[in-house]
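Novice: Next come the chains, spelled out residue by residue.
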Amino acid sequence: MSRLPVRKTYKLYLGGKFPRSESGRTYEIEGANVALASRKDVRDAVRAARGAFPGWAGATAYNRGQVLYRVAEMMEGRKAEFAELTGDPAEVDAAIDRWVWYAGWADKLAQVLGSSNPVAGPYFNFTVPEPTGIAGIVAPEEPPLAGLVSRLAPALVGGNVAVVLASEHRPLAAVTLAEVLATSDVPGGVVNLLTGRKRELAPVLAGHMDVNALDLAGADGDTAELERLAADNVKRVVRNGEGQSPWHAAAFLELKTVWHPIGV
Amino acid sequence: MAEVEKRQDRSPVPSAFEYAEAPESRDIVRLEERYGLFVAGDWVEPRSGEHAPSIAPRDEEPLAEVAYAGPEDVDLAVGAARDAFANGWSDLAPSERAKYLYRIARILQERSREFAVLESLDGGKPIRESRDVDLPLSAAHFFYYAGWADKLEYAFPNRRPRPVGVAGQIIPWNFPLLMLSWKIAPALAAGNTVVLKPAESTPLTALLFADVLRQAELPPGVVNIVTGDGRAGAELVKHPDVDKIAFTGSTEVGKEIMRAVSGTGKKLTLELGGKAANIIFDDAPLDQAVEGIINGIYFNQGHVCCAGSRLFVQESVYEEVLAKLKRRMGTLRVGDPLDKNTDVGAINSREQLERIKELVASGEEEGAEVYQPPCRLPEKGWWFPPTVFTNVAQSYRIAQEEIFGPVLSVLTFRTPDEAVEKANNTPYGLSAGVWTEKGSRILSMAQRLRAGVIWANTYNRFDPTSPFGGYKESGFGREGGLHGLAPYLELDE
Chain L
1 MSRLPVRKTY KLYLGGKFPR SESGRTYEIE GANVALASRK DVRDAVRAAR GAFPGWAGAT
61 AYNRGQVLYR VAEMMEGRKA EFAELTGDPA EVDAAIDRWV WYAGWADKLA QVLGSSNPVA
121 GPYFNFTVPE PTGIAGIVAP EEPPLAGLVS RLAPALVGGN VAVVLASEHR PLAAVTLAEV
181 LATSDVPGGV VNLLTGRKRE LAPVLAGHMD VNALDLAGAD GDTAELERLA ADNVKRVVRN
241 GEGQSPWHAA AFLELKTVWH PIGV
Chain R
1 MAEVEKRQDR SPVPSAFEYA EAPESRDIVR LEERYGLFVA GDWVEPRSGE HAPSIAPRDE
61 EPLAEVAYAG PEDVDLAVGA ARDAFANGWS DLAPSERAKY LYRIARILQE RSREFAVLES
121 LDGGKPIRES RDVDLPLSAA HFFYYAGWAD KLEYAFPNRR PRPVGVAGQI IPWNFPLLML
181 SWKIAPALAA GNTVVLKPAE STPLTALLFA DVLRQAELPP GVVNIVTGDG RAGAELVKHP
241 DVDKIAFTGS TEVGKEIMRA VSGTGKKLTL ELGGKAANII FDDAPLDQAV EGIINGIYFN
301 QGHVCCAGSR LFVQESVYEE VLAKLKRRMG TLRVGDPLDK NTDVGAINSR EQLERIKELV
361 ASGEEEGAEV YQPPCRLPEK GWWFPPTVFT NVAQSYRIAQ EEIFGPVLSV LTFRTPDEAV
421 EKANNTPYGL SAGVWTEKGS RILSMAQRLR AGVIWANTYN RFDPTSPFGG YKESGFGREG
481 GLHGLAPYLE LDE
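Keeping their order, the protein sequence lines are chains L and R. Just so you know, the numbering used here puts 196 at position 196 of the first sequence, and the rest follows in order with no gaps. Just so you know, the numbering used here puts 433 at position 433 of the second sequence, and the rest follows in order with no gaps.
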């Protein structure tokens, strides 16, 4: 007699925990009942992200780099599961390598993006990049794993925290990635992942007054309304292209310039 | 030494010092009675048919009739900029582009007194500031960005920098020529063409700048200047052939612009309002700190987006700082912007004066204690005395809203943590000041304050090499420095 497999319940990832949607709703997709996040789940996720921000932004760049590298290590160990969910082992490899690539940027961004500025006076003046805060990320529908990682990693590496809306039609790889994050030394609340209807959730994220940046890569079609909502608190609207680039990380960063007199 | 003439009543009385009037002659400025729009290198009558006077804040004298551009005028200006972009400017050797900018910088230096006098006449700022700050910095901006024009591939290695196209630029009334320079210099250095919309209350130095462009022999249409009010700005923002919008002004209008460009893919930078914290620790050199407080809030009548309008004083030195501050306020000379002794000039417009008065009244109503040094204000013109509020709660409007006038709110704190928490408790994040002798504390505060510019043991310093811009609702994008070029370029990722 063959063994009956143990099925996984796909839940949200919020504040380092895996709760069901507070609404109690699910939707059936990819052969599973997946949590259908509510507007309140979005707000809770933003609150969890805000709580995690000082710690993650305040970690040393070296530490953040190691934590993100650890994500790649943990994914490598679950390659088979990811390959089954995505149906594309090459995508899984690409996603893992992308974490490795961005992990290496953690302690280099400031040297590439910052500057010291030769002002015409007796002042020392320098410019450093700093995280903007909470990044709201509407992940691409396809590819479900590499698409998400390509959006999330550049936001995290500079010290931002994230609230992510996973691929609506293929959310299982994203939830599995959340399980990896939960076991990879990424502090709870740094990444919060919601599954559900983008049409319902994206406007809540775009209009939320405590979200600082909005990545619209996965907002298919008309993004004008989301951009209008983003104006309510002058969000940084991020339109990064494909691939990997330190400029993708820069899109989630502020620049701070500090002046100090030189004297005796 | 000859007997100095007694000061007349229009200069208000400072507490202790006697000054002779030292007015800068306005003869150097020759104004037209009426200005058109500067489009494709020519002065054109506005199709809108609308003109309105630009008024001198110091005595409400109408200085000149200025055109108010309508939709058709904005369209013509954008068309001229597009033509100039397509037919020559974007193909010009970058080293030649640089030389035009160097020429502009030099002409601004040569004509700086004329520009300084006109800036003070039209905007009300003290001649000492327009002469020593606005003009040198404007020229320096062109000089700095001139040098970048043929070095862009070193600024952005492997990113194939190329111009965006037509830049629509909307500037405020507080530093009219300087904001023009912040906008035009990097735009041209990057190879773009420009349609600039000056503020309705301070268009005259921008119009005089058109004459600088003529002297520099800049090709027609590379810079077009359309004067007018907010309607002209709105037309520029929504014009389909404008590729990039740069705006400096209020957060409220910045949000409207963001909504207007949503879904269009236009590039956008916003430099918006502020409510900066200026934080004084008990170990700070207090006399220097008081100078920094004064400079932070009374520079340019407080019409400064990065003004240090919320003063946080550590409790242990509160009485001492306040006593020194009030004594120093008593020596500020409020009066004729053209007088070289003047520290605080005229309020830029009647509307702005009303807004300041309304917010000051709200402060008194909410329970704050107001102090103004004795000073006699001129009868004609728009004036507001240097003002400080004590006993201010963080919830008061004067501690929350940008007043954009010579009005300071004083609050206190005990610990660095408390200072950081209170300072960051605002939707704005443009700038902040920190005063302490302790080096490690300077760096820790600089790190924890959520603002784009941190002045430590100084305040209100600006330089073309130094990026300037906000966090949060103070906007995004940077002006100045290498970082100030990026918004005007298409770059490979």
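Calculated from the structure, these hints are not laboratory results. In this text the structure is predicted, and so the values were computed from the model without any measurement. Mixed in with the good hints there might be a few duds.
If you want a taste of the chain L side facing chain R, the calculated C-beta under 8 angstroms gives, among others [said to hold, decoys possible]: (1) G15; (2) F18; (3) P19; (4) Q111; (5) V112; (6) S115; (7) Y123; (8) I262.
Cβ atoms here follow ideal geometry from the backbone N, Cα and C, with glycine treated the same way.
Novice: Give a verdict on every hint.
Specialist: A quick look at each hint next to the structure:
no., hint, in the structure
1, G15, "violated (23 angstroms)"
2, F18, "violated (32 angstroms)"
3, P19, "violated (30 angstroms)"
4, Q111, "violated (14 angstroms)"
5, V112, "violated (10 angstroms)"
6, S115, "holds (6 angstroms)"
7, Y123, "holds (6 angstroms)"
8, I262, "violated (10 angstroms)"
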